[in-house]
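A.B. asks: Protein chains in written order, with my numbering: chain A, 1478 to 2160; chain B, 189 to 333.
To be clear, the hints were calculated from the coordinates, so they are not data collected in a lab.
In this text, a Cβ means the ideal position worked out from N, Cα and C, and glycines have one as well.
There's no promise every hint is true.
What the hints assert, rightly or not - Pulled a few chain B residues facing chain A out of the computed Cβ check, cut under 7 Å:
(1) Arg224
(2) Ser254
(3) Ala255
(4) Ala280
(5) Pro295
(6) Phe299
Unchecked claim - Pairs of lysine to aspartate or glutamate, EDC-like flavour, derived with a Cα cap of 16 Å:
(7) Lys2092(A) x Glu2010(A)
(8) Lys1863(A) x Glu237(B)
(9) Lys2063(A) x Asp1559(A)
(10) Lys2066(A) x Glu2017(A)
(11) Lys2098(A) x Glu2035(A)
(12) Lys2009(A) x Glu264(B)
(13) Lys1596(A) x Asp1514(A)
(14) Lys1600(A) x Asp1514(A)
(15) Lys2009(A) x Asp288(B)
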Amino acid sequence: MPLFGSFALLLALLLSAYCMVFGAIALRQQAIGMPSDRLAETTRRAGIAIWVAVAGAGFALVWAALNNDFSVAYILHHTNRDLPLPYKFAALWSGQEGSLLFWAFLLSTYGLVLRLRHKVDVKLTAYASTILAAVQLFFLSLLNFAARPFSLVAGNIPPDGNGLNPLLQYPEMVIHPPMLYLGYVGFAVPFAFALGALIMKYPGEKWIHITRRWTMVTWCFLTCGIFLGAHWAYSVLGWGGYWGWDPVENASFFPWLTGTAFLHSVMMQEKRGMLKTWNVWLIFSTFMLSILGTFLTRSGVVSSVHAFAQSSIGEWFMWFLAIVFVVCLYFYIRNRDHLRSEHRLESLLSRESSFLFQNLVLLASCFAILWGTLFPVLSEWIQGHKVTVGPPFFNRVNVPIAMFLLLLTGVGPLLAWRSTSWASLKRNFTIPVIATVTTAILLMVFGVRPWQDAAHFYSLMAISLGALVTTTIVSEFVRGGRVIARHTGQNLLASMLTLTRRNTRRYGGYIVHFGVVVIVVGLSGAAFNQQKEQELGFHEQMQIGPYTLVCDTSTEEENPNYQISYAILNVYKNGKPIGQMFPARKFFKASQQPDTIVANHSTPIEDLYVIYAGKNLDTDKPIIKAFINPLVMWIWAGVWVLIFGTVVAMIPPISAATVPSLQQVRPSTVALPVSSEPVEAGD
Amino acid sequence: MKLFRRISTSLLLITFSVLLLGATGDRARFNDLGHRMMCVCGCNQILLECNHVGCTYSDRMREQLSAAIQQESNDENILQTFVKEYGTTVLAAPTMRGFDRVAWIMPFAVFLAGGSFDSQLEIPPTAVRCTRRARSPGSLPRKGT
């Protein structure tokens, strides 16, 4: 199997080289009027064959893991005989080489879909396919020369492997990396289309129409990946938090922020022909930030708790990044006239300007996080000593930015395109402003003290602005619903449903915004966290907030994979029993590493989060650490709302489904009257 | 319009009063300073949030911080004492002195620079004044919103 895997990777490399080189030749021939259809078709088929080869290599590695083939160094270092089956499968993305192979597999899967759907626009897809092949060539070169997953063990083959990192032996870790990678890798597709459209000076906004769903799917995967990571950190790392501003966490956030900005600013291009340069560079940046994030986390340039991923392949990423940047810059300079805006802003009080500010704020946030992540390196280089850039920096810089962003999320939808009159402002903003102020007052009445510290102040701001956004969204649904109800005689709820189905992109977007509000409310609960640590002997109790924890017993168990010690705690809230909790610590035999199993009693109001921190060797009593983390459940609930909204935004609107003939008309070449324009999801 | 102005004024008043009020007390100082320092055991966590089992630093550092708060009224002096003992990486964020100041200034400078660059691209001077004109039906964007 290792031989088969190595051969498959070599074949994939050759195919990607063919696809890139001959794809470029075919495009060149096309440009000068020479027939090249057959050559182009062979490159497309080579692109499809890359998937077969990379899938074969992936299969070989998984097969080796499932069959305990410890002659493969990667399998030896990341699995062991007693590792449960799902984690053996997850070994594919648990280490450097495997995760790169997985990356290449996802990239070739995206490439497969793109090449199979080439009839959407044959010429543009040919450009995108060639560019994507270049990206594939890079990853496959890495796998063939720098990070080979099928390297064999030198000397005797050990009878058992080293096992998987215990922190990764958690159900969410089976799906978190794939989601994140689907997000990272997926941005290669809109990048390829954008660069292709720029190279060929593609007329109109069709590349945006084609890539919009790609970008949304990718963005949704990245969002899921980020929050699964946060949930994993919360459930496994046992420090009571979900986001620590670690460089690896930050790296996943860069493309998310620019991707979010892109999803908003493309609307300006679609509706007003504005921000063309901005959009092209946004998607270039998003792709480059995906690569930069990988470079940062794998090069060891910045210190991270995710040290398991570090190696010498960082240089490869740096050079790849430099080449991508030079190529993008070259074609931008050569064809920048093609990206001239059709309109300019007419008023600062307009939907366009709110999009523009929102984009600026998102990019400022992205820069602030990137800057904070790189500053220790810069400081060491200039001052000769390292400084720490930890959560206080990121929070202090990003929280005000996030507040401003939330404000714009509330204000933006109430502004009209082109310009907004004062009368309209007054009419639209009265209720949202009243809701915001009322929420702030109620929060203070119920015990939030913004004058006590900054955390309380920002919590109050966040929840109040959340009320502003929610009121805005509800008013948008109600206003639109009423109009439909008047014309159709439906009740308001049915009308709002019809409204959403008619313009899925807009109203799906509002649902996403509501999801963000729910997440922000959850995050603001962190200002009221409590924690306590205590040794808890038999029948002893500890009090935290309204909860009383009584130690029933502590015990130990063992299986072939690990030993586990845990405490059994009876939990009471305001004196009433609410159940038992089982905080535990595992000790993995193969890797000789400990792991925390958090016990969490989660409610919409607060989480009671309990950790078994080990035993005091002198007293033989378990050490229990308890946290009360308010509103955490809202974060996870908000993510579900956000995913739902994204799915809604991706569904074609009913008007498009009922007017199939219009979809055959090319929007870039035929100007249709407003009423009968082909409707893309998201108007 | 009157109501709108009243609400805006009230909002401003609330914001200023919140910003002008502050919290004092040893507990608040301990909480504040403890969140401005890192545990130096290598766990990469804030001093008051370190949950590293068997950590040989965080408990000692917290006790040190408690004692320092009793003896020293100036928070900056306390931080400098810790820097002398544990090095500059004990501070969880760059200071506002020397080159460290660049860390704080850059994000906002880039935001402003980005804003002015973008405004040159997309915002003509006429857009700066807010129009009183209501949107006419003819001024709709290309697609309905």
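A.B. asks: Next step is simple, just say for each hint if it's right about the structure.
C.D. replies: Evaluation of the provided hints:
no., hint, verdict
1, Arg224, "holds (6 Å)"
2, Ser254, "violated (15 Å)"
3, Ala255, "violated (20 Å)"
4, Ala280, "holds (4 Å)"
5, Pro295, "holds (4 Å)"
6, Phe299, "holds (4 Å)"
7, Lys2092(A) x Glu2010(A), "holds (13 Å)"
8, Lys1863(A) x Glu237(B), "violated (22 Å)"
9, Lys2063(A) x Asp1559(A), "holds (15 Å)"
10, Lys2066(A) x Glu2017(A), "violated (32 Å)"
11, Lys2098(A) x Glu2035(A), "violated (20 Å)"
12, Lys2009(A) x Glu264(B), "violated (28 Å)"
13, Lys1596(A) x Asp1514(A), "holds (13 Å)"
14, Lys1600(A) x Asp1514(A), "holds (10 Å)"
15, Lys2009(A) x Asp288(B), "violated (34 Å)"
Hints 2, 3, 8, 10, 11, 12 and 15 from the earlier list are contradicted by this structure; the remaining hints agree with it.
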